[in-house]
Amino acid sequence: MKPLLLLLLVLILASTSSVAQEEKYYKGNLHTHSYWSDGDEFPEMIMQWYKNKGYDFVALSDHNTIAEGEKWKTIPRDTLYQNAFREYLNQYGEDWVQYRKDSTGTHVKLKGLSEFRPLFEEDEKFMIFRAEEVTSYLEDKAVHMGAINIQEYIEPQKGNTIVELIQNNLNAIREQSERTGEPILQHLNHPNFTYAITAEDIIQIDGERFFEVFNGHPYVNNYGDSIHDSTEKMWDQINIAYLNTGKPIMYGLATDDSHHYHKFGSKYSNAGRGWVMVKSDRLHPHSLIEAMEAGDFYSSTGVVLDNIRFENNILSVTIKAEEGVTYTTEFITAHKDNSRAKSVKTVEGSCASYTLPKDHLYVRAKITSSKLKENPYMEGDVEVAWTQPFLTEN
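Going by the numbering used here, the first residue of the sequence shown is number 682, and it counts up by one from there.
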């Protein structure tokens, strides 16, 4: 082969190999607590749990702090937590674990993200987001906001009303993103916690793009009650209002909000209850956030989807079915002239589709299985998945 042709072939092959890899789904939890705030486990043990369970990314999102600087944790005297400390010490050794014992108990210096991150992160296998749950209160009402991929601590902001408080914190998160040039995914957490936030409040916010339609903490009231709407009903109310006023669509997340790693059951906030599946070309903060901002993800408590497609106003869903498990796909839409969303079609089986009329705002799908959720948020819960809403194509 002539040298010029050989060089051309090499260049072509090099160019081909540099093309971005094919998109695939990455599994992640965006709401995780550790001993850095009110969780009850060391971050290394938490990251190892998620990695062992097949997660691709995790956001360590402790309250009003990031895992940096010096922090000591006094281990509770309860035998359960003392044994957990010994397990941590045995796994990582005296050279890694810095601790001291005195008359007041066992005190352990927590490792920072920059220290433990190299133990777990692997290219295209596992990634940890630096994050913070920005936590503020107005009297007895709690407002918690996830800030994912932050570069530095974000000071919680105050406000005279719930709307003002949320907006001020959102603005602070956006300011850091604009100043640093790094994308930050912000999400409003568990709006029904203390029933602090209503759909009407969120409708007034400027720039809110994500909120938790499902949160695994036992006190967040996902399903509402006789006088409060469920978070899923709130989701539709918000999107109808947003789209009718020219605001971008709101996307729904499922998260763990994990706090408890040693006691299990529906009265504890355990890991493994909710997650997102993000369709991206690589496991990188920029790629994952870009995909989520485009709505290229679904949320789940156990149901796995093979494919989601929206073309020519047709939403098609294919489920990765488990043997012996049945599935029901419900399509929810909102008419442009109607202030309420409604279920318009239900399909049994592993494949389902729906054609969205052009006089409707959006369509989303909720897939419910017959499989009981292991260690559920609420007794009797089955595994579920939610697609994001898809807008009518003109």
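If you're looking for bench data, these hints aren't it; they were derived computationally from the structure.
Treat the hints with care, since some could be wrong.
Label pairs and their in silico Cβ distance ranges [unchecked claim]:
id	residue 1	residue 2	range
1	G1005	N1056	18 to 24 Å
2	T746	R860	18 to 24 Å
3	I908	S1034	33 to 39 Å
4	N764	S784	17 to 23 Å
5	Q885	Q729	38 to 44 Å
With a straight-line cut-off of 30 Å between C-alpha atoms, the simulated BS3-like cross-links for lysine-lysine are [what the hints assert, rightly or not]:
id	residue 1	residue 2
6	K732	K1039
7	K754	K734
8	K708	K1017
Where is the CB? At the ideal position from N, CA and C, for every residue including glycine.
Quick rundown of the hints versus the structure:
Between G1005 and N1056, the C-beta spacing of about 20 Å keeps the proposed range 18 to 24 Å intact. In this structure the hint that T746 and R860 lie 18 to 24 Å apart at CB holds, the actual value being about 20 Å. Look at I908 against S1034: about 37 Å separates their beta carbons, and that is inside 33 to 39 Å. For the hinted restraint 17 to 23 Å between N764 and S784, the CB-CB distance of approximately 21 Å keeps it satisfied.
Q885 and Q729 have their C-beta atoms about 42 Å apart, which keeps the hinted 38 to 44 Å range intact. Distance check on the hinted pair: K732 and K1039 sit about 43 Å apart at the alpha-carbon level, beyond 30 Å; violated. Simply put, K754 and K734 have alpha-carbon atoms about 26 Å apart, close enough for the 30 Å limit, and the pair holds. With a C-alpha separation of about 34 Å, the suggested pairing of K708 with K1017 is violated against the 30 Å cut-off.
Hint violations for this structure: numbers 6 and 8, all remaining hints satisfied.
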